[in-house]
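With chain P held as given, fit chain F with the ligand onto it using these hints.
Quick mapping for you: the protein sequence lines, in order, are chains P and F. Going by our numbering, the first sequence opens with residue 1, and the numbers climb by one from there. Going by our numbering, the second sequence opens with residue 1, and the numbers climb by one from there.
Derived from the structure by calculation, the hints contain no laboratory data. Some hints could be false.
Stretch-level coverage of chain F by chain P, calculated; a stretch enters the list once three of its residues show a Cβ under 8 Å from a Cβ in chain P [said to hold, decoys possible]: (1) 60-70; (2) 343-357.
Chain P is faced by these chain F residues, among others (derived, beta-carbon under 8 Å) [to be verified]: (3) R48; (4) W49; (5) T52; (6) L53; (7) L57; (8) P303; (9) F307; (10) L362; (11) D364; (12) L365.
Note that this is a predicted model, so its numbers are computed, not measured. Beta carbons are placed, not taken as given, at the ideal position from N, Cα and C, and that holds for glycine.
So the chains spell out like this:
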Amino acid sequence: MARLLITGSTGYIGGELVALARAEGHDVVELGRAAGWRIGAPVPAGMFDGVDAVIHLAHSWAVEDGAPEAANPNIEGAVRLAEAAADAGVKRFVFASSTSSRPNALNVYGRTKFRIEEHLSRSTAAAGVRIARIGLVYGGPRTAMYGLMLKLAGLSPVLPMIGLSREVQPIHVEEVGKGLLTLALSDLQSGDPFILASAGKMTFGTWLRLLRRVQGRGGLIFLPVPIALALLACRMTAFVPLIPTVDPERVLGLAGAAPMESAASLTRLGLTIGDPETRLSAELHRDQGDTALAEASALLTYLTGRAEEASAERLAEALRREHLSPIGLSERIIKSPALIALYEPPATRQDHRLARALYLADLVREAEVDRVASHGFFYSLVTAAVDICLLPVRLILSGRYR
Amino acid sequence: MNAFEPDFIIIGSGPAGVSAAVPLVAAGRRVLMLDGAFGMAETVQGARWERTLGSHLQSLRPDDGTSPKLQAPLARDLINGFLDASAIRGDNFVAVGSLGRGGLSQVWGGQLSLLDEEDLDGWPIRHADLAPSYRAVMARIGVSTTGGGPEAETAALPAGAIASRILARHRRYGLVADFTLWPALNAVLAHPVDGRHGCDLRGDCLFGCERGAIYSSVHDLPLLQKSPHFALTEGARVTELKPHQEFGWAVTTADGREFRAPRVLLAAGVLGSAALLSHLVTFPAEGLRLLNSPTLALPLIAPERLFRRATATHSLAQLGFALRYGHARLDYLTGGFYEVNTLPASSFINRMPTGRRGGRALFDLLSSSLAVATAYFPGDESRTFLHLNRTSEGGGITVRGGFADGLEERAKVILGRLAGHWRRLGLFRLPGAAIATPGTDAHFAGTFPMGGWGNLSTSDLGELSGFPGLHLVDGSILPTLPSKYITLTVMANADRIGRQLSNT
Ligand SMILES: Cc1cc2nc3c(=O)[nH]c(=O)nc-3n(C[C@H](O)[C@H](O)[C@H](O)COP(=O)(O)OP(=O)(O)OC[C@H]3O[C@@H](n4cnc5c(N)ncnc54)[C@H](O)[C@@H]3O)c2cc1C
Chain P
1 MARLLITGST GYIGGELVAL ARAEGHDVVE LGRAAGWRIG APVPAGMFDG
51 VDAVIHLAHS WAVEDGAPEA ANPNIEGAVR LAEAAADAGV KRFVFASSTS
101 SRPNALNVYG RTKFRIEEHL SRSTAAAGVR IARIGLVYGG PRTAMYGLML
151 KLAGLSPVLP MIGLSREVQP IHVEEVGKGL LTLALSDLQS GDPFILASAG
201 KMTFGTWLRL LRRVQGRGGL IFLPVPIALA LLACRMTAFV PLIPTVDPER
251 VLGLAGAAPM ESAASLTRLG LTIGDPETRL SAELHRDQGD TALAEASALL
301 TYLTGRAEEA SAERLAEALR REHLSPIGLS ERIIKSPALI ALYEPPATRQ
351 DHRLARALYL ADLVREAEVD RVASHGFFYS LVTAAVDICL LPVRLILSGR
401 YR
Chain F
1 MNAFEPDFII IGSGPAGVSA AVPLVAAGRR VLMLDGAFGM AETVQGARWE
51 RTLGSHLQSL RPDDGTSPKL QAPLARDLIN GFLDASAIRG DNFVAVGSLG
101 RGGLSQVWGG QLSLLDEEDL DGWPIRHADL APSYRAVMAR IGVSTTGGGP
151 EAETAALPAG AIASRILARH RRYGLVADFT LWPALNAVLA HPVDGRHGCD
201 LRGDCLFGCE RGAIYSSVHD LPLLQKSPHF ALTEGARVTE LKPHQEFGWA
251 VTTADGREFR APRVLLAAGV LGSAALLSHL VTFPAEGLRL LNSPTLALPL
301 IAPERLFRRA TATHSLAQLG FALRYGHARL DYLTGGFYEV NTLPASSFIN
351 RMPTGRRGGR ALFDLLSSSL AVATAYFPGD ESRTFLHLNR TSEGGGITVR
401 GGFADGLEER AKVILGRLAG HWRRLGLFRL PGAAIATPGT DAHFAGTFPM
451 GGWGNLSTSD LGELSGFPGL HLVDGSILPT LPSKYITLTV MANADRIGRQ
501 LSNT
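With the rest of the complex left out, here is chain P (with noise of 0.2 Å):
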């Protein structure tokens, strides 16, 4: 089993990878702030120790749009480290670039990788170097990029975006993990960069649709934002208050990059890539057969607009015991539970099915939190004015789930 040092490691793609590193039995050293260390600073003493191989993921976006090279801790750091560990002998370093490497990237990241990737390439540590240049990573947490668009594609089905007609080459994080550990282990020809993206494309816009879809939810309407409009919008966010402030570094990120042929460099790792909407539906939906699963979480998202996974599961198990699962909730109402309020008959009718499972599920929202906080007066108001108004549609439709 082998020793690798990991930079980055608490990131994205790091924590899986370092996972994936220990789940195969091999020995993990995390070189990051924890042990003292930052991109372009020296190694701690040591830390290169029997190891085998280097997979460096840090990357610093504290850098300037137009900084001078020098300025840029990537470009120096990423060498220093590469060479430091060349001269304490470890055979392997593994850079994790990016499909949106070129000379002449819209945003500093794409640019800026493609610089260290040719300093890399002239460093006295170039016999060992392996660039992996990675596609558009998705799964696993929920964090990063990938959570960013999977919330975006989840929230309304109409949505203001840039690049819908970009390719992009999605790749499971698991399969990013798999394919750089390769690279880590074994004797591969170095030379040109491995492509870590799938072979097959598809533009931007069809990847949010997916996202959508996997999520148990209709269709997407763009709303196509020039480019230029939206890096204002960005720079805007910078002075309004109370809003995530959204760096245009990301937009010009959405909005640049070409594909790139991943096909051989995917055979000489024998990486196979999945089909990404298989892949995705699966993991989000472990247990889309589990319609009281489904139902109660519709349920609470009524309530409360959420239901967390520990509720669900004990409204789901209540539900299945009084003989009220499945209550048959329509496939839209799953979807979209808001639209229970149509179809709830009045919280005095206990002898309702819809009726009694709101009772259960207001009791495993009550048993949340030591107090159910109340939402404040005109909330309270209009809430309870638009319930009574609704009355009347409902003493029509809430035969439906009787």
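Same frame as chain P, but now just chain F with the ligand:
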């Protein structure tokens, strides 16, 4: 256990059993306490969902219409455990008994009343006989009032906003002939004592008090266990009591153990004790009369508190009240006044003709102004009888609940008068007042009355006629059931009997 030869076996670790044990142990008599279950039914120290739904989700069930309290996990376990084991079933009666350390005091409301000389009419004892025991028990369990007056001697906890206004107004308006209102006297600590904490007014009391502020007879067990004269055996569910020529009494448990002592004190709760004695005595043909307090709840709204912020207070009774409705000594209602915002909303929403979300929103808008008055009738307004089932029907006992003739009609009139008094104090009646199914009250008495005539009566020491050495010390022996909260009297009476027996 063989080494420990008890002078007394006490069956049950509820308020009655513990209260009889304390004076006996203090006098150096050896006491063996048997309890039917192992430990507490449910711990109250779990995660929030475990406390409110139960570790096996036993309280995540449809609303059965009884009080939210009886539907909480602790109560469900205690009561269901009892019903399963004792083969008692209710017919128009919610059979409330318990199997578990501390008995029903684990889930009780803690409201206290003292009987006065008038209430004791027809009892073979006088008020003076009970007075020292009342004092001793109250000192032991720790009591406080809610929203006391300037002259209060008892520790006081702050009352909720509705209650304090109502009480102030009642005091200002002066006396009325038939209605009285006072700060509730509760078995809840205002200040820490002996490892129990004072109440922190967080509300949420329904699911068991994590701080131990509300008294439960469980709190007395460690103190008793410090004495070499006391032993507690749990998991000893008694199935049979037999006179024994040599030892006095032999007690057999479900798991086949036998314990012996010259005297046995039965404190299994009114239903539990009756179930045990059903093997020993014959119930009358018309059934064994049980006194219980028909109870009703009256929802109220205080418009002056609408849309206001609720004040922190416990979920126990805020005020006590009494309404006289007839001329006989016991013809009065006793009740408790509760602030609704200290209770979980879900069961209230079931009473709203809105959707669930709208109901919650309305509750949020209104809860600071909502209150509930629960009232109890005296036991002579009940017509409840225990019947022995034939073996062909599977044995066991059926409790048939009922009310005195015309009670429901009279209750409507009385409710109207009660509502009138609340209106005078600024509270308006909401729809939904109803008499609960008999048994929900959990105020039970009178099955083996002290000083009664028949063969099913007991002496003033609770000794069952015809069975020397067998004493009942729980609610079974109260000859009458005034509408007042009864447990303090059950405890004081058990203490009195314990004191007297310690000299035998
Ligand atoms: C929801 C609720 C609220 C209440 N609120 C109030 C209130 O505010 N004020 C008030 O005064 N009263 C109240 N009560 C009533 C009060 O709880 C009872 O009066 C009191 O607990 C009776 O005490 P006990 O010891 O006689 O019986 P229990 O408390 O029932 O105890 C019986 C004991 O006997 C044991 N036992 C039973 N059968 C056997 C057997 N076969 N073998 C061995 N052990 C056995 C049980 O395990 C238990 O320990 C309330 C009751 C309930 C349910």
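Hints versus structure:
{"no.": "1", "hint": "60-70", "in the structure": "holds (count 4)"}
{"no.": "2", "hint": "343-357", "in the structure": "holds (count 12)"}
{"no.": "3", "hint": "R48", "in the structure": "holds, 6 Å"}
{"no.": "4", "hint": "W49", "in the structure": "holds, 4 Å"}
{"no.": "5", "hint": "T52", "in the structure": "holds, 4 Å"}
{"no.": "6", "hint": "L53", "in the structure": "holds, 5 Å"}
{"no.": "7", "hint": "L57", "in the structure": "holds, 6 Å"}
{"no.": "8", "hint": "P303", "in the structure": "violated, 16 Å"}
{"no.": "9", "hint": "F307", "in the structure": "holds, 6 Å"}
{"no.": "10", "hint": "L362", "in the structure": "holds, 5 Å"}
{"no.": "11", "hint": "D364", "in the structure": "holds, 4 Å"}
{"no.": "12", "hint": "L365", "in the structure": "holds, 5 Å"}
Checked against the numbered hints above, the structure violates only hint 8.
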